[in-house]
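S.K.: Taken in order, these protein sequences are the chains called A and B. Residues in the first sequence are numbered consecutively from 0, following numbering that gives the first Met the number 0. Residues in the second sequence are numbered consecutively from 0, following numbering that gives the first Met the number 0.
Hints in this document: simulated from the structure, not taken from any laboratory. Be a bit skeptical, because a hint or two may be false.
To be verified - Straight-line alpha carbon distances no greater than 27 Å define the calculated DSSO-like cross-link-like pairs of lysine-lysine that follow:
(1) Lys319(A) x Lys79(B)
(2) Lys447(A) x Lys483(A)
(3) Lys79(B) x Lys27(A)
As the structure is a computational prediction, the values presented were derived from the model and not from experiment.
Protein chains: 2
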Amino acid sequence: MAIMSLVKERFSCIIEIHMAYDKSQKKKKSENISDWYNDIVVRADLADYSPVKGCMVIKPYGYGIWELLQAAMDPLIKEKGVRNGYFPIFIPISLLNKEKSHVEGFSPELAIVTHGGGEELSEPLAVRPTSETIMYEMYKKWVQSWRDLPLLINQWNNVVRWEKRTYLFLRTTEFLWQEGHTAHATHEEAWDFVLWAANMYRGIYRDYFAIPGFVGKKSESEKFAGAVTTLSFEAMMPDGKALQNCTSHDLGQNFSKAFDISFQNKDSKKEYVWQTSWGFSTRSIGALVLAHGDDKGLRLPPKLAPIQVIILPVQPDDSKQLTRSNELATELSSAGIRAEVDGREDETLGFRINKWEVKGVPIRVEVGPKEIESGSYLLVRRDTFEKFNSKNITKDVSKALASIQSNLLAQAEENLKKLTSEINNFKEFEEIMRTKKGFIRAFWCEDKACEESIKGKTKAGTRCLLLDEKEEKGKCVYCGNEAKHKWIFAQAY
Amino acid sequence: MAIMSLVKERFSCIIEIHMAYDKSQKKKKSENISDWYNDIVVRADLADYSPVKGCMVIKPYGYGIWELLQAAMDPLIKEKGVRNGYFPIFIPISLLNKEKSHVEGFSPELAIVTHGGGEELSEPLAVRPTSETIMYEMYKKWVQSWRDLPLLINQWNNVVRWEKRTYLFLRTTEFLWQEGHTAHATHEEAWDFVLWAANMYRGIYRDYFAIPGFVGKKSESEKFAGAVTTLSFEAMMPDGKALQNCTSHDLGQNFSKAFDISFQNKDSKKEYVWQTSWGFSTRSIGALVLAHGDDKGLRLPPKLAPIQVIILPVQPDDSKQLTRSNELATELSSAGIRAEVDGREDETLGFRINKWEVKGVPIRVEVGPKEIESGSYLLVRRDTFEKFNSKNITKDVSKALASIQSNLLAQAEENLKKLTSEINNFKEFEEIMRTKKGFIRAFWCEDKACEESIKGKTKAGTRCLLLDEKEEKGKCVYCGNEAKHKWIFAQAY
């Protein structure tokens, strides 16, 4: 009986996986990426819809990714001399109003508190959409002399920008992020910081999210409300749409003049500080899902996978298999690998395999009687479904995790390459945006009306001007007027 | 000249410190603890007043303490199987209304959002004062079977409870905390969690904050709005007032019935879950300041000190002293000790010493020509001002840090002992509350009117009933009626 049940268990496994898959998975990434995305984020237990319009709940499995990101990024921020602090979530409207273009940009998205402690407030408070104004009112107080500079503070917090429809992670009224805010004695020093943040973000995306992309300057109409220059990191999703994931702003002296943040320089003369701000949000988790997921579910890059290895006893009611599974988990954990055992007795092996494939765990280990006997375990990679046997599990798992991390990056790089086009005329531009989409690199005259027309006809806007893009002589792809630079265009999330 | 200036620098140092102290420090803890507290929190750079009534800014030095606390507590929470997640900051009023005593308790403290995205909302949203209601509406959806239990989620987030006057850290409209929320199949399992959390908090207070105290049950009138039982950790401040720092609630089935969080048990019968919630906030940083500070400033326990060792070159413009200071910092850092160098050339040694004493850095190291020559450095302890020379700085600093940590705890324990009284009658009760104050352990009949009268006459309320307090036969200290237990009374922050 035991052998019969085992044979049935292992050999009907493939059928079961397909059955489970067919039953539970109605959405395919290859068919409709948007439906697939909404479905998989919930089924993989990353997040859920909340009773508050526009807001989401980040479930522990999704929050685990955010914690790993924080553990990677926070030391880089501190290494640069920036310290974490915390500023109030409420901003008096009068403060927001101090920088004109800033308040114009954010007004339509504000949540407003009008009552507190049972009374109507004499001045309504905005729930922070970003913290420039509330922080800089303090910076004004703290900065007096050149000795107080640079002032380098970061916050990990929640912000609110009103949305009516929830797109989990990608567009939510409330989201989590870090926002760094620095003040400097010179523009040069500030600009160095703007570049540092943008490149730090690019590095995090590449090394942790396994997502390559472009860092560049936003156009005048796309830059942050209140900034002189905005740099952004733009990634390409498999459906040909760009996702802007984080931004780094050169605020110049716009805010320091509005908030009177000035200092006595070494010659005892009053100067306004030069400022930067830069942010990276939970939107990045949406990018992670979109970039690497497949029809079966998530594929998490090992460095951001809350569980890197799932160990499945084939027959959880067999104490030998369960014990050995737990031993393997302990062995892997002591080598710093995040491993867990799933020995639920009420779920078949096929069901459990399917469940962890949906959740995108990079490596699955199966422990059955054959494995117990031979001491050689079946390892299955989530990215390629490649199977192999291992007697030295810590070594082989470590190697496979590194290989999965680099394979996902290689696939995303391939995708970026495939979806980046150079074109010669606007007809080609339109044709690409009707078909494969992706990034288009093309001359643009930098005129706002022209930018709007292109977007009107193709849904593709300017994404950025690459940092290392050299000045050339060319003609705008749309209007034919003189153009100095090729810009990156794309439709966007 | 160099020698003259050195002699002047080192030997006039004591005078300078006193001058700096006299000039800058107007408030003495021993004279008026409340004025001292407000003054020292700002001067030590822990926090500042914000432009938003009732809200504070946590500056990097204060936030650094919170980060160290998180680094200590988060692993303990995870070890217990609890995972971090994130729920919306907004709560629809209708959800808050679901549990009657809960909404009654929190209504007077709510901040209400009435407008979002430029429009008036059809249903106003409360900014979370605590997350029971928004979380449990999700728990209802997530819990179906006994297999979904226990459900163990924690959040590190911000909450808002309206206050008009700011008492930095101790009473602010917005504060940071963690709130753990668990759901269980049995009351026994839930109660184990309530106890675990309370004892975990006590351990953190003892081992990190160097603050001892009592864990006990709150009276009916003092328990959390919606709880069956509330446990709290009560610490004694040097001025004889108690500070409640964290609470752990047995919610019974109050919320599960109100929110219909039910599951099919193993016999396929419907049952309501048993719930707990427990929280620990930035209020604890206020306790830290009050408990250990002295007339000169903070005294931070090494385990929660963002900077454990400050290294001061006596003459920062002497490159040998500066280099050696940096080398020492590197040596200490590589041993896992948080060390920094303060080589500001525009500040005298005395000024710098005073500055770091105010900030409560546990150990100061001075590096002058004598030290360079001998290779033996002057170490000064912040807790005792004890001075000694060290040739093996990493070893001696490590030893001193451990000694400071236990010395601060011993002092706080001594204070707790001195300020805990057993009394025989209400006359003694009143006398103690007029003089040294502190905790009083006395029989109470558990009648609410009696509790109110005692508070009316002495400002001292019930703090808690110790967990291990045995049932005895006694007479209420106030009304003389029968009483079963001695309770802990105190005036409170």
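S.K.: Need the status of pair lysine 447(A), lysine 483(A): alpha-carbon distance at most 27 Å?
M.R.: Roughly 15 Å separates the two Cα atoms, so the pair holds.
S.K.: Are lysine 79(B) and lysine 27(A) close enough, with their CA atoms no more than 27 Å apart?
M.R.: violated, 37 Å
S.K.: Could you grab the alpha-carbon distance between lysine 319(A) and lysine 79(B) and see if it respects the 27 Å cut-off?
M.R.: Given that 27 Å is the threshold and the Cα spacing comes to 26 Å, the pair holds.
Hint 3 alone, counting from the list given before, is not met by this structure.
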